[in-house]
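Enquirer: This is what each chain is made of:
Protein chains: 2
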Amino acid sequence: MAKIAILGAGIMATALTFPLTENGHEVHLVGTHLDQDIIASIQKDGTHPNLGLKVNDGVTAYQLEDADEAFEGADVAMSGVNSFGVHFAGKHLSQLVKPGMRVLSITKGMEADEDGTLHMLPDVLKTYFTPELRDSVSWSAIVGPSIAGELAVHHDTCVVFCGEDQAALDYLAGLFRTDYYHVWTSTDFLGHEIGACMKNIYAFAAGLGQGLTIKEGKQDDRYIRYNYNAAVFAQGQKELRQFMQLLGGVPETSDGLGGVGDMFVTSMGGRNVRAGEFVGQGRPFSEVRDSLMKGVTLEGVNAIRVVGGALKPLTERGVVKPQDFPLCRYLYSIIEEDAPLDMPWSKFFGGEK
Amino acid sequence: MAKIAILGAGIMATALTFPLTENGHEVHLVGTHLDQDIIASIQKDGTHPNLGLKVNDGVTAYQLEDADEAFEGADVAMSGVNSFGVHFAGKHLSQLVKPGMRVLSITKGMEADEDGTLHMLPDVLKTYFTPELRDSVSWSAIVGPSIAGELAVHHDTCVVFCGEDQAALDYLAGLFRTDYYHVWTSTDFLGHEIGACMKNIYAFAAGLGQGLTIKEGKQDDRYIRYNYNAAVFAQGQKELRQFMQLLGGVPETSDGLGGVGDMFVTSMGGRNVRAGEFVGQGRPFSEVRDSLMKGVTLEGVNAIRVVGGALKPLTERGVVKPQDFPLCRYLYSIIEEDAPLDMPWSKFFGGEK
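From first to last, the protein sequence lines are chains A and B. Numbering-wise (the working numbering), the first sequence opens with residue 1 and increments by one. Numbering-wise (the working numbering), the second sequence opens with residue 354 and increments by one.
To be clear, the hints were calculated from the coordinates, so they are not data collected in a lab. For glycine and all other residues, C-beta sits at the position ideal for the given N, C-alpha and C. Mixed in with the good hints, there may be bad ones.
Partial list, derived from the structure: chain B residues whose beta carbon lies under 10 Å from chain A [as the list claims (entries may be wrong)]:
no., residue
1, His-386
2, Thr-566
3, Lys-568
4, Arg-594
Short derived list, chain B residues pointing at chain A, Cβ under 8 Å [unchecked claim]:
no., residue
5, Val-506
6, Cys-511
7, Tyr-581
8, Ala-583
9, Ala-587
10, Asp-608
11, Leu-610
12, Leu-694
13, Pro-697
14, Trp-698
15, Ser-699
16, Glu-705
Could you build all of it, start to finish, from the sequences and the hints given here?
Expert: As structure tokens, then:
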């Protein structure tokens, strides 16, 4: 029996408590300052309000002020927040994590320096740790196509635990594996984190075609826009693969669960796709941001801003060619310059020829 | 102005007449013995009954007995039938095609020798030609994510013209390119044909998860089975890529329009997906074949039979390892042995580890 402490009580962090508790492990779920109502609800009757489900016995919910108690003696310390919470998580975990713990993150995304150098979020978490503490723990992350609610209702889900240390990955995979939660491991930490970030970029693109169809009033027609979406998906996958190569990940990571698999599931719906749909309907992105979806967490938009923004200095420095990443560059112009829907097809796949 | 003669008047062959005629070319559409009613309808008032649309002026429809007249003086001779019609097309085209014509095929699939050696269908077409005629024409094919009806209503569609001869590809692409029909070219003929065949295999697999959800009565629930479908898609893409390498295609072809793009669009629906859904609901495949979908053309099932069947001799000969292609092998056991739904997750991605 192991003890797992999770900082963050969102739907994904909470969904992961199902395989853990069903394997007999003890889970301490700690809400952030944004999760107070969630924690109160779980403490009251076990219900996670956003997930719409009761958590298992074996999950104990804690408010943030009780985090020290929750993390005391944990074998595994998890960052369960989304990309917007990475600095919050870094600050808190650097105090809560003790030497020898296994750190496991579901916080996905990237940050960029001014010169376009990109960093995966587990590396951002690390910056909050003293060098001694950082080196005394193992660093791993969960990636792959996983809608939280589907995992929570025990539908088959296949993921990758990626990290630096194979022994830690084997240990962690053993804690989580069930007959519905299937876990592979990989030491291509960077490649998998790039995939986990980039898939959200292309999820936004996945909504554009449906938006155009809605604008034309043809969403219930016999023929919609799967050809359109498939071409966008294929170009997205090409760019994802190229990014992995560029940043030092293993290109093959773009093939499997952490690449096309995660892109596929993320393209099937969700907030990023919906934001893309609005733009496809003809709404300027600034209107989506400031009005139509005001206050909604859009990790894909943030990823476009970071990665698309980094392309400019990376191009100026000669790291990437001006004709590379045409879809990501176009999405950036939507987000930052309110560009209208005008898919640059002829630039895709190395240029129409 | 060029003259294009097409053997076969199905929905895809007919959809391709839109970009051609809008570029000012003359198209002769020749029905097979199965297309008599379609040709009669187009001759009467221009309507293709299955497509539900009128063809453009510039398309002339011919019954099969008038094929000689239709192909007389053509610049381009197209095989517009599906995989089941490849021998029919080979027999007829070998008589209709004249030296110097460009042959362009949309007939996709593979055939296997007893020892598991696989042949793409353009090569099967060639066997009907005399060596002199075969060498006097160019051979090309259209692949990529293209639902016929979406092309016919002028929705953006991105495809690859693949073949042996770049000059012929450039000529053909020039005939078809419009502002909605975007054409790339590739001399990886084999890789693209493998993708065009294999994507139908994994389309069948794409229906299984939804079938299971229907069986459980949960298809209208909040949480369905995108995680499941994404993992199947990712494993399918891995196998498609490995097949390309095995048979001598360019592995990168599995990344773009001819790989993940075509798999994506084919997974979104259609007859192969529906057949998989029935199996997911618990129906033995023999019942799907003999009753529920009796008489329905299932190119995916045929591809599973051919490619899955070839895996046995290929494994015995040591060309592939027993642990390779676990999804394709499992689909074969569904088709040939009425295996029930029991996805071999732990064998995917090189084995769960």
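Enquirer: Does each hint hold? Answer for all of them.
Expert: Outcome of the hint check:
| no. | hint | verdict |
| --- | --- | --- |
| 1 | His-386 | violated, 27 Å |
| 2 | Thr-566 | holds, 8 Å |
| 3 | Lys-568 | violated, 13 Å |
| 4 | Arg-594 | holds, 6 Å |
| 5 | Val-506 | holds, 5 Å |
| 6 | Cys-511 | holds, 4 Å |
| 7 | Tyr-581 | holds, 5 Å |
| 8 | Ala-583 | holds, 3 Å |
| 9 | Ala-587 | holds, 3 Å |
| 10 | Asp-608 | holds, 6 Å |
| 11 | Leu-610 | holds, 5 Å |
| 12 | Leu-694 | violated, 11 Å |
| 13 | Pro-697 | violated, 11 Å |
| 14 | Trp-698 | holds, 5 Å |
| 15 | Ser-699 | holds, 7 Å |
| 16 | Glu-705 | holds, 6 Å |
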